[in-house]
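Chemist: For reference, the chains in residue letters:
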Amino acid sequence: MSLLEVSGLRKRFGGLLAVGGLDLSMAEGEMLGLIGPNGAGKTTVFNLLSGFLVPDDGEIRFAGRLLAGLKPHEICRLGLARTFQIVRPFPQLSVLDNVKIATLARHPAMPIALEAARAVVERVGLGTRARELAGGLTLADRKRLELARALGTEPALLLLDEVMAGLNATEIDAMVHLVGAINADGVSVLLIEHNMRAVMSLSHRIVVLSFGEKIASGTPREVAADRRVIEAYLGEEYVHPAQA
Amino acid sequence: MSLVKLLVLLAVAMLAALPWVVGSYLVTVMIFIFFYAYLGQAWNIVGGYAGQLSAGHAAFVGIGGYASALLSMRLGLSPWIGMWIGGVLAAALGAVIGYLGFRFGLRGFYFVLLTVAFAEICRVIALNVDAVGGALGLYITFTGNPRQFQFQDNRAYYYVALVLMLAATAVVREIERRRFGAYLTAIRQDESACEALGVDTLRVKMLAMILSSFLTGLGGTFYAYYLFSLQPNAVFGIPLSVEIVIRPIVGGAGTVMGPLLGSFILSPLAELSRTYLAQSGWTGVHLIVYGLLLIAVVLFLPQGAYPALRRLARRRA
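Sequence order for the protein chains is H and Y. Take any residue in the first sequence, note its place counting from 1, add 1478, and you have its number in our numbering. Take any residue in the second sequence, note its place counting from 1, add 33, and you have its number in our numbering.
For the record, the hints were derived by calculation from the structure and aren't laboratory data. Values in this document were obtained by computation on a predicted structure and should not be read as measured data. One or more hints might be untrue.
As the list claims (entries may be wrong) - Label pairs and their in silico Cβ distance ranges:
hint	chain 1	residue 1	chain 2	residue 2	range
1	Y	Arg140	H	Asn1646	33 to 43 Å
2	H	Arg1609	Y	Ala46	31 to 41 Å
3	Y	Leu320	H	Pro1569	33 to 43 Å
4	H	Ile1564	Y	Leu146	23 to 33 Å
5	Y	Ala125	H	Glu1691	43 to 53 Å
6	H	Arg1596	Y	Arg140	24 to 34 Å
We put the beta carbon where it would ideally sit given N, CA and C, even for glycine.
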């Protein structure tokens, strides 16, 4: 059964067509990579899926339910959680309390929410920083915290917006491992990522956006060899003659 | 934790015993400290914890006071009952202001202006509608009957004000321990992040506004029956809104102790300047003192006096 079903999704900002009639489908348990050059409309797709933007046209069906008209907090409670590309921790709360805000969505009783938060904090490897204020964390740890909070809402589908951006090679390896483990636990993941090594190794399938349109989709191997993808990323002159 | 509890009990016992050992003037000063701490604590819920800066809380004091005074004067209803009706009416106005502000995304300065505008509307209405006293306001005749919220002994007002302050503080303490309080604190820091984490921010902010305006409205009855008069310019005016806001900000907005500490610092100052400076013709000098103090707090203790004290205590320990 398909977990997420997007059809004809469209969003325009003034004269700019950010997303132009996107169709997308995700199976339960799948890890789907969403890639494309800067300005391709990837983050706009996330904002539409999570209810932060209202589409001009098109349908989003999540777990069989139409999301039209739902607010972000309602979508989150249905099991669709997101992270922000520019992380938004609550700077004056501790790491643990940050995650607690997320776990409270499922566990209204404070002690249970706190216990759930502690488990998530351990899970993402922030156990030793649990008491520190989120405002003082390094970028790598803030990215982990962003992931931990989304995970704390116990989602069926996790939208990750560039969780590897700005991390060094070691930190990226750790994050790839973590995202893979979360997916292995049965959480479906839609991944926006610029780090090709990460997205190619993690994704079961990849969808490529350019100027708001889907230009290719398939397995990582198929997509990497697609001439439209190379054209979009590097320009026409880089397309190898054999591929033309 | 038991040490803290012991200290709190000790402090409450001392405050309870105080009016029997000090003179009547100090009792009056303490009444003002408690009452403004109460109003500050009520404001603290929406202004401090949720970070929605209402600068029009005087409107709720006015509505609460006018409601119970008019119900008593026209229908003979005891202010002990009218007090709750006043609170509900204030909460209704709070709901209207909150909905307009939160539903349509008025943040920061725009929300401040909205709250000020509503308080001003209330002031102008009270000033011009003769049925509620018009420009003369309302005067309550003194009967000294406790059933009419009137007491012969100043100490009775002292205890009513003390109970108000302690009750509001207990409410805020309880909020802080619950999901509601956690959500308020998070909303103050990043509203969009809250929404992404499943928090119905509109609902949470509305609840905060309604609870805050309800408690402030209850305080209106105390105001009316302690001062025995309601003047539109005084009870709905911007100066009273400033008095309400400034104590929690100086003491530490969004902390349980902030409004109390702020009131213990500022209320005696206001009272002293009213008594001594105003008598010698220096009316309103306390407002200059407020201004200077506010500048000092913003510069040196932006989170307020209480968080600064706590940090100091931790460093010593």
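Chemist: Now, for every hint given, state plainly whether the structure supports it.
Modeler: Hints versus structure:
The supplied range of 33 to 43 Å is met by Arg140(Y) and Asn1646(H), whose beta-carbon atoms lie about 37 Å from each other. Hint check: Arg1609(H) to Ala46(Y), Cβ distance near 35 Å, so the stated range 31 to 41 Å holds. Taken as a hint, the range 33 to 43 Å holds for the pair Leu320(Y) and Pro1569(H), whose Cβ atoms sit roughly 34 Å apart. Distance hint check: the CB atoms of Ile1564(H) and Leu146(Y) are about 29 Å apart, consistent with the given range 23 to 33 Å.
Judged by the Cβ atoms, the range 43 to 53 Å given for Ala125(Y) and Glu1691(H) holds: they are separated by roughly 51 Å. Between Arg1596(H) and Arg140(Y) the Cβ separation comes to about 33 Å, which falls inside the hinted range of 24 to 34 Å.
No hint from the list above goes unmet by this structure.
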